[in-house]
Amino acid sequence: MSPAATGASASPIRVMGSVPELWQAVAGAVAGLAAGPGAGGRRFAGLIATQRPEGVLLSAYLAGPGGILTCEAAVQPGDGWYPALTPLVGAASWYEREIHDLFGVVPAGHPRLEPLILPLGGEGGGEVRPRPGRPGPPPAGIWPDEHSLPRHVMGAGLFTIPHGPVRSGVLESVEYLVETPGEDIPHLNLRVFYKHRGVEKRFEGRPAADGVLLAERTEGVASVAHALAYCHALERIADVAVPWPAALVRVLHAELERLASHLDVAVRLADAAGLAVATARFGVHKERVMRLVGRMCGSRFGRGVVIPGGVSARPEVSGRDLLAEVGRLERAISGDARELMGTSSFLDRLRRTGQLRPERAREHGALGPVGKGSGFRDDARLARPYDAYPALGLGEPGPGPGPHEDGDAQARLRVRWDEVRQSFHLIRQAAGELAEAGAGLLRVDCPAADGRALGWAEAPQGEVLYDVRVAGGRVTRCAIRSASFHNLALFHEVFAGDILTDFPFIEASFGLSMAGVAR
Amino acid sequence: MSPWVLRGLREGVVTTRWPSRPDAYAESWQGPAAILDPRPDVAPDLAALCPTGAIGSTADGSVRLDQGQCIQCGRCVAERPDVFGWSRGPGNAALSRDGLVVPQLPETEPGLAAARAALRARTAMLRRSVHLRHVDAGSDGSEEQEILALLNPVYDVHRLGIFVTASPRHADMLLVTGAGAHGMAEPLRRTYEGMPSPKVVIAVGTDACGGGLLAGSYATSSGVGAVIPVDVWLPGSPPPPFSILHALLLALGRLADGSDR
Numbered sequence: 000m001s002p003a004a005t006g007a008s009a010s011p012i013r014v015m016g017s018v019p020e021l022w023q024a025v026a027g028a029v030a031g032l033a034a035g036p037g038a039g040g041r042r043f044a045g046l047i048a049t050q051r052p053e054g055v056l057l058s059a060y061l062a063g064p065g066g067i068l069t070c071e072a073a074v075q076p077g078d079g080w081y082p083a084l085t086p087l088v089g090a091a092s093w094y095e096r097e098i099h100d101l102f103g104v105v106p107a108g109h110p111r112l113e114p115l116i117l118p119l120g121g122e123g124g125g126e127v128r129p130r131p132g133r134p135g136p137p138p139a140g141i142w143p144d145e146h147s148l149p150r151h152v153m154g155a156g157l158f159t160i161p162h163g164p165v166r167s168g169v170l171e172s173v174e175y176l177v178e179t180p181g182e183d184i185p186h187l188n189l190r191v192f193y194k195h196r197g198v199e200k201r202f203e204g205r206p207a208a209d210g211v212l213l214a215e216r217t218e219g220v221a222s223v224a225h226a227l228a229y230c231h232a233l234e235r236i237a238d239v240a241v242p243w244p245a246a247l248v249r250v251l252h253a254e255l256e257r258l259a260s261h262l263d264v265a266v267r268l269a270d271a272a273g274l275a276v277a278t279a280r281f282g283v284h285k286e287r288v289m290r291l292v293g294r295m296c297g298s299r300f301g302r303g304v305v306i307p308g309g310v311s312a313r314p315e316v317s318g319r320d321l322l323a324e325v326g327r328l329e330r331a332i333s334g335d336a337r338e339l340m341g342t343s344s345f346l347d348r349l350r351r352t353g354q355l356r357p358e359r360a361r362e363h364g365a366l367g368p369v370g371k372g373s374g375f376r377d378d379a380r381l382a383r384p385y386d387a388y389p390a391l392g393l394g395e396p397g398p399g400p401g402p403h404e405d406g407d408a409q410a411r412l413r414v415r416w417d418e419v420r421q422s423f424h425l426i427r428q429a430a431g432e433l434a435e436a437g438a439g440l441l442r443v444d445c446p447a448a449d450g451r452a453l454g455w456a457e458a459p460q461g462e463v464l465y466d467v468r469v470a471g472g473r474v475t476r477c478a479i480r481s482a483s484f485h486n487l488a489l490f491h492e493v494f495a496g497d498i499l500t501d502f503p504f505i506e507a508s509f510g511l512s513m514a515g516v517a518r
Numbered sequence: 000m001s002p003w004v005l006r007g008l009r010e011g012v013v014t015t016r017w018p019s020r021p022d023a024y025a026e027s028w029q030g031p032a033a034i035l036d037p038r039p040d041v042a043p044d045l046a047a048l049c050p051t052g053a054i055g056s057t058a059d060g061s062v063r064l065d066q067g068q069c070i071q072c073g074r075c076v077a078e079r080p081d082v083f084g085w086s087r088g089p090g091n092a093a094l095s096r097d098g099l100v101v102p103q104l105p106e107t108e109p110g111l112a113a114a115r116a117a118l119r120a121r122t123a124m125l126r127r128s129v130h131l132r133h134v135d136a137g138s139d140g141s142e143e144q145e146i147l148a149l150l151n152p153v154y155d156v157h158r159l160g161i162f163v164t165a166s167p168r169h170a171d172m173l174l175v176t177g178a179g180a181h182g183m184a185e186p187l188r189r190t191y192e193g194m195p196s197p198k199v200v201i202a203v204g205t206d207a208c209g210g211g212l213l214a215g216s217y218a219t220s221s222g223v224g225a226v227i228p229v230d231v232w233l234p235g236s237p238p239p240p241f242s243i244l245h246a247l248l249l250a251l252g253r254l255a256d257g258s259d260r
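If you're matching them up, the sequences are chains A and B in order.
Every letter in the first sequence is one number past the one before it in numbering that gives the first Met the number 0, and letter 164, counting from 1, is 163.
Every letter in the second sequence is one number past the one before it in numbering that gives the first Met the number 0, and letter 171, counting from 1, is 170.
The shape of chain B in the complex, shown without the other chains:
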């Protein structure tokens, strides 16, 4: 017998059973920054804490944070631990770009329900055979590694009927990474158009959501939303495999209700 077969059996099953069973690593993940106290007593220029301009305020003066611009540098958390903290767990994705702005406004709730229903209707027929195509639109190379990690035995997305495909013609979902480099705009558009309907687009990573530190560069579109329509927005610099998996299941409507936004 090949020695590799024995090696393969050596450690038993290493695969997570998430989402049907909880996974400690998934739940402990330190996601984008979040707001603990939207109305701090002393708030001198909180916006200046953020190198990507993710921190702002509403008309009534409460603090808002756009996770779609958060690169998880942790400056706000270090400087003002009374106002900012980390979000926990893999549920970092949103069904609209505005949904990444925390704390959520109550009036987004009806819109969210509609978006969820519309997406579910589109993905209902995909069931348990979902094929992914990935396009790098100017990433730093880390997002690709985290997407690829989904294929290793720890995550093994094949168990969920999710596969990576080479051809856009066979793809149901498009994972797009990177800040929307101008050179990739046309190849990205062509890949999107080459996919059959229904199709779902997931912007993977803060760069893809809003450009991150490369927003405003002469060579990027400050996110891929300017190039093709995006259905699911997943911040993170980069988002870990569990967050990417969460975003995929969110798009497929295969998560328990209440774990999306």
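In isolation and in its complexed conformation, chain A is listed as follows:
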């Protein structure tokens, strides 16, 4: 088998003369995507800003087959504003709100420029803004100012039910403001700033190799995927390819993480439907997956495995034991999943619940199971493969019931079961290849060279994207675009015709983590 080719996918950078020129390029690429396959379109994958001495630099990411293109342009120095992208590309809305929060630059013409992850009072916020990318420490303490959030106007008979930030259950902090006349949910507002931790700024000044520790703790339920995306960026800067056995170990952990996450969604959905036995069964399966991961590496979340240049160690479980345990898990999980998808009282709650229209999914570039459930498939493992994925069979793992593109909670769950089957298929292949590869090299030297590159990985929630700059062996800017951030922006759109009791199903079927959103 050939060694893995991490550098196979490209991430070129194109610098534009002005912001309007940049938006033209982005809008053109996104319009091409809407025109359908073959039109040469690209998916809008995010927009971030970086503080530089001369002003703010805007970077837009356009994902296509084989790589992700970065297009960037500088905001006119001293302007403090730029023409907004959101009127042209709606998916940019949350990104521009975040940039406004962190840098204080105003996207002029943005239809709804409310604070998102760091509400601050006062116009522009002055020097208080954290401004990622600016050398030196940020202000010692920045406190969000809730009074800067708008109060929404309500009509007669309408009232607002605030869910959160302290939720009813063991959940991450977020506030859903449900505006309802009683039972329907005509409108939903999200407040995600509560758990903003300033993660991106904490990368800055850290030795490049230490950054992976923080990446693993950016979105805990996707620790492996975040570590992979970060390390892919460093490996692309240093232009090194990880050894074949390391690439296989990475796939093993990434797919086990996917299993645990998808089982967690099944637990939440079954729990919401009041199916006690199903909740218990999937809970036990998930516990077994996490114990297997713990036995393999010492961490139940696969932390400490992925390091720049390879992996830290081989799994502490023999190939035969691993395959035996995975076989047991697969039999148990597939049987229960089949039963679940045949339980009509459960499916009644999922069918036509939380519908995301296919054209909206495509337009927004919805990621992971949320996109796939609405017929928009852009799986980084397939489209922009990395590590051992190019050499492993990622295709149809066996006879399946075909695509699920109804866009509802049921379709998203069916997509997850397909991915679970695919993960088992990949784990078996990777474990077999790893046994064959023998005691090969597990890491190569990955010098912290100066430079900048993108890295990506397909997390259980969808593609994770890291844009890393290194100078003098230390990180100078690390922009993180989690799938949770990108997909959550669609969350408030899917409640048409749904009622309050559908809420837990819709939330669970999105399967997002607020830690990755607020960062």
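Calculated from the structure, these hints are not laboratory results.
Glycine included, every Cβ here is placed at the ideal spot set by N, Cα and C.
Errors might be hidden in some of the hints.
Covered by chain A, according to a simulated footprint, are these stretches of chain B (three or more residues, beta-carbon under 8 Å) [to be verified]:
1) 3-9
2) 52-63
Computed spacing ranges between beta-carbons, pair by pair [stated by the list, open to error]:
3) A/Pro-134 with B/Pro-195: 35 to 41 Å
4) B/Ser-128 with A/Glu-145: 34 to 40 Å
5) A/Ser-317 with B/Arg-189: 47 to 53 Å
6) A/Glu-145 with B/Ser-1: 45 to 51 Å
7) B/Glu-185 with A/Gly-135: 38 to 44 Å
The hints should help you fit chain B onto chain A, whose structure is shown.
Only chain B this time, still in chain A's reference frame:
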């Protein structure tokens, strides 16, 4: 009969009997780093090994490790296996923040006994009906999963009379996760104040104990101890369900003596 009933019976009892019976998985757990040899012959800048600054030394030059800052990255263990190793078992929690610093100083012993007695007096009336409320104060999302795991059939904390409640008004104990994000300071304070006395607060995870890698961030308080008073400190990145269960029982005084610190 519903097919789910038969499925539920398929595997028999999967529930652990810990703590009344030993559990191999609980005992084998690889907890925060620990010190094997506090006075190594060669000790050039051991503090530099730790990305969160958990390693320090006392005035007399012996090595100390603050498990409340340990994110279990394993660098110290890999670099100096003669000095550092892993702690084993679920007993990772302490009744004071200083109690997380290893090796323990002998003079903390009387203070520890007093803290244990005071906590026991407060929790005595809770007996076998304990209701938990959780607040996420800026976690990475993994601690929530481990707390929730306590409800799955493997741990099944209901067997111990421990339940999760939605309302702070019904809660006896508060599990707080995360590094103390500024946005959650006020909601956390309000939840704490909304709980009836006696109440017990457990800081779950290294981030909650000392901020971990997010200590010193502009958006966090470097741990939840700066926001509300904490009774039990549980490090871990994240702590596994058995460690969380150990911390709960420690707060309730339901562990055999000598298994706390």
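Notebook entry, point to check: Okay, A/Pro-134 versus B/Pro-195 on CB: inside 35 to 41 Å?
Noted result: With a Cβ separation near 50 Å, A/Pro-134 and B/Pro-195 fall outside 35 to 41 Å, so the hint is violated.
Check: Does the Cβ-Cβ separation between B/Glu-185 and A/Gly-135 fall within 38 to 44 Å?
Finding: violated, 29 Å
Item checked: Range hint compliance [Cβ, A/Glu-145 to B/Ser-1, 45 to 51 Å] -> Cβ of A/Glu-145 to Cβ of B/Ser-1: about 48 Å, so the range 45 to 51 Å holds.
Item checked: B/Ser-128 versus A/Glu-145 beta-carbon gap, inside 34 to 40 Å or not -> About 36 Å separates the Cβ atoms of B/Ser-128 and A/Glu-145, which means 34 to 40 Å holds.
Item checked: Supplied distance hint 47 to 53 Å, evaluated on CB atoms of A/Ser-317 and B/Arg-189 -> With a Cβ separation near 51 Å, A/Ser-317 and B/Arg-189 satisfy 47 to 53 Å, so the hint holds.
Margin query: Under 8 Å between beta-carbons, do enough residues of the stretch 52-63 of chain B, three at least, approach chain A for the coverage claim to hold?
Written below: violated (count 0)
Next item on the list: Quick one: see if chain A covers the stretch 3-9 of chain B, three-plus residues with Cβ-Cβ under 8 Å.
Entry: The restraint on the stretch 3-9 of chain B holds, since 4 of its residues have a Cβ under 8 Å from chain A and three suffice.
In the structure shown, a violation is registered for the earlier hints numbered 2, 3, 7, in ascending order.
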